[in-house]
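**Q** Build the full structure now, drawing on both the sequences and the hints.
Chains as they are written, first to last, in our numbering: chain V, 1 to 344; chain L, 345 to 688.
The set of hints was computed from the structure by calculation and includes no laboratory data. None of the values given here were measured: they were computed from a predicted structure. Beta carbons: idealized from backbone N, C-alpha and C, even for Gly. All clues stand as given, with none of them false.
Derived list of chain V stretches under chain L, where covered just means 3 residues or more per stretch with a C-beta under 8 Å from a C-beta of chain L:
1. 33-42
2. 51-60
3. 72-86
4. 116-127
5. 141-149
Below are the SDA-like pairs computed for lysine to any residue, each with C-alpha atoms no more than 25 Å apart in a straight line:
6. V/Lys243 / L/Leu363
7. L/Lys541 / L/Glu522
8. V/Lys97 / L/Arg475
9. V/Lys28 / L/Glu487
10. L/Lys587 / V/Asp13
11. V/Lys28 / L/Arg555
2 protein chains.
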Amino acid sequence: MEISELGEFGLIDRLTKGLQTVNSSTIKSVGDDCAILRNHETDILVTTDLLLEGVHFDLTYVPLKHLGYKSAIVNFSDVYAMNGRPKQITVSLGISKRFTVEHIEELFAGIRLACEIYGVDLVGGDTTSSRQGLVISITCIGEAPADKVVRRSGAKDTDLICVSGDLGAAYMGLQLLEREKTASAGQRDFVPQFQGKEYLVERQLKPEARRDIIEELDKAGIVPTAMMDISDGLSSELLHICKQSDAGCRIYEDRIPIDYQTAIMAEEIGMNLITAALNGGEDYELLFTVPLHCHEKIEKLPGVKLIGHITKPSLGCAMITRDGTEIPLRAQGWNPLAKPEKEG
Amino acid sequence: MEISELGEFGLIDRLTKGLQTVNSSTIKSVGDDCAILRNHETDILVTTDLLLEGVHFDLTYVPLKHLGYKSAIVNFSDVYAMNGRPKQITVSLGISKRFTVEHIEELFAGIRLACEIYGVDLVGGDTTSSRQGLVISITCIGEAPADKVVRRSGAKDTDLICVSGDLGAAYMGLQLLEREKTASAGQRDFVPQFQGKEYLVERQLKPEARRDIIEELDKAGIVPTAMMDISDGLSSELLHICKQSDAGCRIYEDRIPIDYQTAIMAEEIGMNLITAALNGGEDYELLFTVPLHCHEKIEKLPGVKLIGHITKPSLGCAMITRDGTEIPLRAQGWNPLAKPEKEG
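**A** Written as structure tokens, this is what we have:
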């Protein structure tokens with residue numbers, strides 16, 4: 001169905017049909033000039049992400065439902081990275097004319113699924129036509145008790161540096177998808193080769209936010225001193241924490257968590273594995289620091305790896321390689337403005 | 345300066361230099377995964393707008409500073425339309441490569457000026473490259489005491505219908521700007537003819553949000569029963585209020601406030617003046633309903649015009665013309681999805 005048949009309000013009605021809210025702070029959702037929230041106890045966290053077709057996603061190999069899911073997840077991840085819980089999102093869409101109502105329903109199904117799984121209410125947005133490609137802008141509002149909010153700036157000398165999950169897989173998933181896209185060019189019955197690399201594809205197309213880690217830390221009675229989610233690569237994020245905390249750091253190459261599928265793919269495409277893990281980006285794992293006395297508690301947390309420690313600022317930021325060499329950390333993460341795409 | 349020389353973080357540093365916050369609810373602004381807000385007394389209002397080059401604005405005649413100012417204002421207007429006060433915004437930008445650092449600074453200067461004048465803190469955002477044109481996504485967070493929040497759904501039979509300012513001028517400003525753009529085609533030293541129509545141009549390029557009306561209503565002790573801002577045209581907005589309030593309405597043609605410049609321009613381009621005033625859009629005036637007993641108080645409010653009254657739903661929504669004819673109101677306002685632009 002053509003979107004113009006429904007018009008803006010018809011489309012919004014259709015996309016938000018049956019939408020129910022689950023959070024007590026959501027007083028009024030879609031349908032007025034503003035959504036109304038009420039929260040008299042915790043701090044409020046606000047984060048926003050803008051995703052543009054051709055820059056952040058390629059619909060040749062990204063299914064719209066996965067794209068919707070991921071668009072929501074990347075915002076939830078920012079709220080967890082403050083030790084908060086995501087509660088509401090607004091979704092703005094710019095839609096070019098090659099998209100049908102069914103396409104946008106697919107996209108929305110992914111967004112709504114993410115909201116359902118993570119207990120988040122969709123409370124508003126904006127819908128308009130776009131002259132080129134799909135534009136997705138999501139803002140997420142989260143909550144956290146004021147004394148539990150974790151910023152980037154609180155890391156202290158001797159704190160332990162921890163990371164959840166494993167790194168570099170989403171980046172390798174992107175390389176794999178791009179490779180198969182190139183291989184498929186002009187072939188009608190092309191079947192992409194993902195066998196044995198399903199994890200990489202999933203990490204790229206359908207990442208999860210680490211709510212589980214935030215809940216485990218809470219149960220263990222640990223409030224990190226600093227925290228970020230890893231969207232631009234471990235190196236880049238760790239440099240942010242050190243800069244904002246006025247600190248240095250040492251991490252150890254042999255402690256960086258890497259999945260075997262990531263290692264195999266790096267081997268196949270002749271890429272340095274540690275470079276991929278340090279700079280790959282889009283992992284949406286949590287990077288955080290805890291006081292030294294949390295050492296035993298952290299060692300017991302499933303899915304968390306201790307990779308190094310914070311130092312005095314004068315020591316700078318470096319990785320110790322397997323042979324004991326110190327290599328300065330550099331931010332080589334994805335820079336969305338460094339290489340502007342050709343204007344279409 | 346090329347934006348790629350600065351990169352994302354360099355650009356953000358530059359745009360947010362010297363940024364100070366003025367609201368006590370703003371705990372932590374730009375620079376972490378989320379902004380942190382704290383508000384233990386009032387309700388929280390959230391609204392968002394997505395503006396795309398070629399759909400919502402034409403940089404041939406819209407100066408970037410004005411565009412920034414207007415982008416912020418349209419969000420503030422939504423918060424005032426709930427009887428709230430805007431307090432924070434996040435700004436996401438998609439920037440194509442024809443924009444320099446200086447261009448984006450101009451745009452941001454307009455956003456920051458609007459924030460300064462309206463007492464709003466800029467607390468976050470996202471910045472990325474765009475493959476074509478400029479993308480602006482702004483989310484605004486406002487506050488209002490829970491018992492003062494005004495929705496669209498509260499209009500009651502016999503309530504008075506009021507509107508601030510005058511209508512149709514922004515639409516006529518757009519017609520004027522488009523006419524001069526067409527006239528200028530191919531001419532090197534073209535001077536656009538705006539004499540005697542400065543008000544129309546200003547209404548289109550640099551609208552204001554009606555904080556003054558919200559403050560006057562508050563001083564007069566009036567809480568409207570329903571309210572919206574007029575962004576898509578009076579007809580369309582009034583139909584929203586009546587639908588959500590399960591009500592009908594009668595408005596009077598001779599009560600619709602129209603500036604003389606709007607009337608002259610309508611005459612010049614051979615357009616029905618009332619059609620322009622009812623459906624023009626982008627006025628950002630306030631449309632609201634008050635109980636009948638507020639009649640005298642409303643009559644005394646500067647800048648507010650009483651244009652009709654709410655009826656039982658069975659009577660439908662209509663305008664009474666100067667000769668006493670009843671014409672059903674229809675939503676002919678700007679529909680951003682009805683006619684998708686050609687894909688670029």
